[in-house]
Amino acid sequence: MSAEPLPTRREEDFRYADLTALAGVWPVAVEAIVVAAGQSAALSVVNTGDAPVARELSVTLAAGAKFALHVLNAGSAYGRIAVRAELGAGAEFTLGAAQLGGGGQVLELITNVSHAAPDAVSRQVVRSVVGGQATANYLGKVHVAPGANGTDGSQSVRAMLLDRTATANARPELEIHADDVKCAHGCAVGELDRNGLFYLQSRGLTPPEAKRLMLQAFIAEAFTGAADEATLQDAALKALGDLL
Amino acid sequence: MLKIDNLSATVANKPILKGLSLTINAGEIHAIMGPNGAGKSTLGYTLGGRPGYEVTGGSVEFDGQDLLALEPHERAAAGLFLGFQYPVEIPGVSFVQFLREAANAQRKVRGEAPLSGGEFLKLAREQAALLRMDMDMLKRPVNVGFSGGEKKRAEMVQMGILGPKLAILDETDSGLDIDALRVCGEGINTIMRRPDKAVLLITHYQRLLDYVQPDFVHVLAGGRIVKTGGPELAHQLEEHGYEAVAA
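Note that the protein sequences, when read in sequence, are chains Y and F.
Take 1 as the starting number for the first sequence in the numbering used here and just add one per residue.
Take 245 as the starting number for the second sequence in the numbering used here and just add one per residue.
Think of the hints as simulated: they come from the structure by calculation, not from any bench.
Accuracy of the hints is not assured; some may be wrong.
[To be verified] Subject to a maximum C-alpha distance of 25 Å in a straight line, what follows is the list of computed BS3-like cross-link-like pairs (lysine-lysine):
1. Lys238(Y) x Lys409(F)
2. Lys441(F) x Lys409(F)
3. Lys262(F) x Lys247(F)
4. Lys262(F) x Lys352(F)
5. Lys395(F) x Lys383(F)
6. Lys247(F) x Lys238(Y)
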């Protein structure tokens, strides 16, 4: 194996990375996923362990192929999931991700979705909940190649800070080189609605129960429609419980 | 049941309640009326324990306990229900899930066994029917997309499900049309007019009191109770205004 140098912060995709933790798992082998024309595939990545994790997925979707990726990034150490996806004509890429952390860990999701041919669809829904000194990052690029008309891409990115000491970095990016495209991105970082929390508590829920209920609703959208939705929601709920 | 003694409270360092005293016994229904800015809602929120409502003096005893020492959820478990003037929307959380968790959280504090899914749904269905609310609405996210009147009826359904000893109802009548006002009024009577329960109605208008007959009517002005009387006082207020009656 050639000695691939550890990235530096000057590289955009590693700007907010925990490089010390990354050094322990470097280099990261690329996991290639190829979905043939007209076929469908799905993958769920659940990271809830104690060891640093870095994964790099390279997804290639042929014409009309569909791929659904769901990510629960909620380990207690550094967790990095990087996804590169290249979409053929009429292909469909779905990403639903939740990142939950409350220690001092960095959790990050880096996506690079390339609409290389016309009429492909990409949907990204990312929900992060961070407390303590934790950091949640989302760096997401959507690239639309010249001639990839009929592209439909969306990024919905939201983060909830449980403490003022936690950090969320969200950077959805669009790079469009075609004329007839539909691309939308939304990004918000906020705190739990205090009026809502008081309302729930006034009915008898303890503060952690009230928060859990609101956060459960906040992240639910990330896993809506997943084949193993119930399993993912349960795992996320457990991680939320640990967080509170 | 509730003994408020010389209560003072501030909101954002501004004194709102200035030595308010009020005693409510089991089996009684009290109405507090008063002009805008008198401190009516502040009283409700202070008793409910809302953050930002700072007690600066006085005491509140509820069923023998120091109410002010309890967290909001502990006040609920002790039997206090606060009906909100503006019920809060909680996207993504269904009424059914929320209320079952809330009811069971209260039961846990009281050392009672949790309600099963079936038991809870039966209770919820009965209370929804009482308030003429479609059970399907309780499967929707809390208050999201509800009209003003639906939110208030949903508050009463919650009260019926949670079965409090004391209900403090903050302007339950605002935003209600005539039919909804009657339904809510009847709901309050059915759920709360019992020898072991009590109600504090906070309202601007006489009209709710046509359905829920109070035993006592108080006028709140300038952060304290300035006049107390029977149901006739509400009629006088309606007719002559706060300034004339409370002067």
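Checked hints:
Simply put, Lys238(Y) and Lys409(F) have alpha-carbon atoms about 35 Å apart, too far for the 25 Å limit, and the pair is violated. This hinted pair checks out: Lys441(F) and Lys409(F) have alpha carbons roughly 5 Å apart, not beyond 25 Å. A distance of roughly 16 Å separates the Cα atoms of Lys262(F) and Lys247(F); the hinted pair therefore holds under the 25 Å criterion. At most 25 Å may separate the alpha-carbon atoms for a hinted pair to count; Lys262(F) and Lys352(F) exceed this at roughly 36 Å.
Between the alpha carbons of Lys395(F) and Lys383(F) the distance comes to roughly 14 Å, so the proposed pair stays at or under 25 Å and holds. Pair hint Lys247(F) plus Lys238(Y) does not hold up; C-alpha atoms about 42 Å apart against a cutoff of 25 Å.
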